[in-house]
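Single-letter residue listing:
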Amino acid sequence: AQSVTQLDSQVPVFEEAPVELRCNYSSSVSVYLFWYVQYPNQGLQLLLKYLSGSTLVKGINGFEAEFNKSQTSFHLRKPSVHISDTAEYFCAVSEPLRGTSYGKLTFGQGTILTVHP
Amino acid sequence: DARVTQTPRHKVTEMGQEVTMRCQPILGHNTVFWYRQTMMQGLELLAYFRNRAPLDDSGMPKDRFSAEMPDATLATLKIQPSEPRDSAVYFCASGSTGGAENTEAFFGQGTRLTVV
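Chain order of the listed sequences is A and B. Taking this note's numbering, the leading residue of the first sequence gets 79, the next gets one more, and so forth. Taking this note's numbering, the leading residue of the second sequence gets 3, the next gets one more, and so forth.
Take the hints with a grain of salt, since some may be wrong.
[As the list claims (entries may be wrong)] With a straight-line Cα cutoff of 27 angstroms, these simulated DSS-like cross-link-like pairs (lysine-lysine) come out: (1) Lys182/A to Lys147/A; (2) Lys64/B to Lys182/A; (3) Lys64/B to Lys80/B; (4) Lys182/A to Lys13/B; (5) Lys182/A to Lys80/B.
Since the hints were derived computationally from the structure, they do not count as laboratory data.
Whenever a hint applies, use it, and build me the whole structure from the sequences.
This is the structure in C-alpha cells:
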C-alpha cells in the first residue's frame, strides 16, 4: 500500500517570491510520482511527473520537482510565483504495474497555494 | 482539443433519489477512472476500467454505487439510493495503456453532487 503526505495544508506567499510545496510518500515498491494542480471549480491538470531517469523534473508553468529516493520526497518548487499560480496542488503516486496506465493514483491531501500581490 | 467530458457539471438531488453521472473519455483511451473528492477524505479512487472491463471497484460502496461502461465512449457512475454523505465532486479520468508516451491520466471537470 502507498500513502502520500503533503506537509503543508496552506502556503501563503507574495508574488515573485520562491515557493516550495513539500511531499513525502511511503511505498514498499518503486513508484511513479506526479504533481497535479486544481484551479477553483476545475479538474486536475498535470504539472509534472517522475517516472525514471533524472531526479530533477521540469514541468509546465515554470514548476520543477526533485525526486529524492533516500528521503522518499518529491518537493515542488517555483523560483518566482505569479498571482495566477493560486490554486490547490496535489502530489500523487502510482505503481508501475505492467499493462496499466498511470491513472491509478494515490493522492495527498493537497496544499492550497495563495499568492498575494 | 481532446478532453474528458463529464455531465452534468452540477446536480442537486433529494435523499433517496437515483443519480447518474456520465463521462466521455478521450477518444482512443482504453482506461477510465472514477475519483471522489471531499473535504474530509480528499481524492479517493472509486473504480477503474480497462477496455470496458472493471478492474478494481474496491473503493466503491457496493450496496448503493455501481459503475459501468456501456461502450468505449461512455462511462457511468450511478448512486441508488443517494444519501447526504454522497455529496462530493466526482471526477472521471481517462488514460491509455502501453507505450512510454502514455504516462498521464486526463481528468474531466467533475460533477458536483449535492444530496439534500
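Structure-based check of each hint:
Pair hint lysine 182/A plus lysine 147/A holds up; C-alpha atoms about 21 angstroms apart against a cutoff of 27 angstroms. Only pairs whose Cα atoms come within 27 angstroms are accepted, and lysine 64/B paired with lysine 182/A is accepted, the gap being roughly 19 angstroms. As the CA atoms of lysine 64/B and lysine 80/B are separated by approximately 11 angstroms, the hinted pair is consistent with the 27 angstroms bound. A threshold of 27 angstroms between alpha carbons decides the hint, and for lysine 182/A with lysine 13/B the separation of about 26 angstroms falls inside it, so the pair holds.
Taking the CA atoms of lysine 182/A and lysine 80/B, the gap is about 20 angstroms. The hint holds against a cut of 27 angstroms.
Of the numbered hints listed earlier, not one is contradicted by the structure.
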